[in-house]
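Visitor: Chains as they are written, first to last, in the working numbering: chain A, 1 to 609; chain B, 1001 to 1174.
Honestly, the hints are just simulated from the structure, not real lab data. All values reported here derive from a predicted model rather than from experimental measurement. Careful, some of the hints might be misleading.
If you want the ones that stay clear, here's a sample from chain A, every Cβ over 12 Å from chain B, calculated [said to hold, decoys possible]:
no.	residue
1	Ala-194
2	Glu-209
3	Lys-347
4	Pro-381
5	Asp-540
Computed footprint of chain B on chain A, listed as stretches where at least three residues anywhere in the stretch have a Cβ under 8 Å from a Cβ of chain B [stated by the list, open to error]:
no.	segment
6	30-41
7	69-76
8	213-226
9	246-257
10	350-357
Beta carbons are placed, not taken as given, at the ideal position from N, Cα and C, and that holds for glycine.
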Amino acid sequence: MLINNPEQLSALTLDLKKKADKAAKIQILVSMGTCGIAAGATPVFEAFKKEVSRRGNNDMKVLSVGCVGLCHSEPTVEILNVETGKSTIFGNVKPDQAAAILDGKGEQIKKSWYFPEDEKNPGDCLQARIVLRNSGRIDPESIDDYFLRGGYQAMAKVLTSMKPAEVVDMVTVSGLRGRGGGGFPTGKKWSIAAAQTSEEKYLICNADEGDPGAFMDRAVMEGDPHALLEAMVIAGYAIGARHGIIYVRAEYPLAVKRLQLAMDQAREYGLIGKNIFASGFDFDLNIKYGAGAFVCGEETALIRSISGMRGMPIYKPPFPAIAGLWAKPTIVNNVETFANIPAIIRKGAAWFKTIGTAGSPGTKVFSITGKVNKVGLIEVPMGTTLRNIIFGLGEGIRNGRKFKAVQTGGPSGGCIAEKSLDTPIDYDTLKALGSMMGSGGMIVMDEDDCMVDVAKFFVQFTMDESCGKCTPCRVGGRQMFGLLQKITSGDGTLEDLDTIKDLAHAVKTASLCGLGMTAPNPVLATMACFPEEYRAHIVDRKCPAGKCTNLISYVIDPEKCTGCTLCARKCPVGCISGKVKEKHVIDQNKCIHCGACYEACRFSAISKQ
Amino acid sequence: MTCSCCSDNRPNLLETYPEKRQKLDEYISKLDLGDDMERRKGFLIGCLHEAQHIFGYLPREVQELVGKRLRLQQSDVYGVISFYSFFTDQPVGKYKINVCTGTACFVRGADKILEEFKSKLGLEEGQSSADLKFTLTSIRCVGACSLAPVVMVNDRVYGNVTAKMVPEIIKNCE
Ligand SMILES: Cc1cc2nc3c(=O)[nH]c(=O)nc-3n(C[C@H](O)[C@H](O)[C@H](O)COP(=O)(O)O)c2cc1C
Ligand code: FES
């Protein structure tokens, strides 16, 4: 069936609402994104279906939904009463708990952690949901569910009652900034492409999500794919592009499957394709795959990848908005950026500006991972402090360890130490702290993480992912890595630190694209925040975190050693001597610092020094 | 880089598996390639994905077939394959064990997991076992960071992996 005008859309939605009112009152929502499935959501889903049909209860319906962000308690099941809006979320659900949970018994998730958009904020909840408003609430494979949540209404409004320039203006006024990392004002970018007279323009969704540790774009595509499609039609209309491309990384098969399905459904209703809403506007979409190259997240490299070439960035200007894909005006926006658009259209630019900070309105989705108690995907207003995120939502550091730093901005960002935790974060404050927003990955580290090692990790990452086109990035990255390796193996000198700084400066200023320009950030940030750790590696030849194998020695405490011989048997190089029931000793000259003895000892007699 | 595909006595995949060749041919025939040479190239990565999906890897004869059908230079095709880490011109094992070494997994001890796989399988990173049962590689983030450290075996994702789980993961491949 084709939907030709907003009235038909409203009628259809109303019809669905009526049907929904008659249907099941109790929805059982099983979170089934990639991570939910990995945590075992599929058998849970099956168990609930079985239990509901066993009870023959027509008032209950089991739905497979996207990620709610409660990754720490996956698999999660939410029992939602559609009539009263009352919901209870259960975590760490096992298939055999289905019956008990339907009777209300199980491990419940605190509401302050998460509350769905259509419920009132219980007051102490730090989250606010715009981008993830539907994720975890609707069946992402059902367009009807999306209609029921006001889906495609924004598009209807735009196509039938707004001029393209008005749409661009609205987005400009909202102050929305690109969520892909740079934070460039979206409306401004659109206005450049809109001003081009070319007949042929392109709109690209950057779903390459290369930053390791970030998975919000995946959550949107898996949990609310229609929102992305709706936003892209709106953006296409605003800039005058009739072709849209979603560039997805090959590692996200489930996201691709759900997007593909959503596209088929939208096409069937005429929501993408020719003459949408009889407005005379045509827009079609297709999916292109990445193939495992981080640099392809950079927009010019991405465009070259879509053109079937090696994904090497090119010099800007000209900017893609003027000459991009096939040398035509092209707008590249991130998934999360797009996901904000329908809400801005529906609720207005003024509403959007009431959330977040003056310079960065709206919310930001962060994935908090690493050494934090509650890992997950959260959406908070811009301007929330890191402390609230890590110690509020994340509930502090695992195993009672001490917080050391949080890494934001991925390989282009930096580490933020304890002293800056109370800064309200947005694009500008993070930059001032020597880090950046990036795509929203937040990796929390504790006292067991060595900051020199972390810097080395990121430099190795950018070194591996450098496309090799420009010398500063290709050679400079390798040199920095070499120096960091020297320091972590205990051969560093204080001059090396100066050399690293010089190199970092050269790589930052002379590289061709953002990859090289930001590659030194993790090193510079850790050097600025943790100078004493670098010095300890160089001057004392010690790794305070006990991570750098060459700089730690394993010592057996004669008081605690029982002479069980286990360590001697585990040692791969046979450097531990001692007879049964006698104290053992490690020959430091032969020891390769592998830590096998340390892990094997059952009496905590071996310590790292 | 030298390619080993011409030096050994590896059978020609296109001749050995005519049905696979047909599948790839059909896929390419369905594409709306057009005559614009620049734009034909835009189909290359999609075709290589399909070809690798069908054949498991991209040996020279498959590269040549794709090149011929799209009317592209061999160097263009090989250039793309060597650039993107997803593509490989070497045979891969039946079970592709991908240890995530992304940031979240790194801070949760992915290096230990990788070491454990190396020693249990007797393989280095990037190597395949002689019987082509296993290939061991590291990848950067599968987007399941909250379950770090993560190991992906073909399409199956294992979360919160410990060194102790490694033998079991290998056993599940039987
Ligand atoms: C090395 C590098 C990697 C990038 N990776 C991504 C990415 O994975 N996803 C993304 O949306 N933007 C990425 N970007 C930013 C894009 O170049 C581009 O600015 C962004 O997609 C624009 O969308 P936005 O304005 O909506 O943020 C990357 C940039 C660089 C320099
Ligand atoms: S870092 Fe390993 S899954 Fe993301």
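Visitor: Taking the numbered hints from earlier one at a time, note which ones the structure violates and give those numbers from smallest to largest.
Guide: 2 and 10
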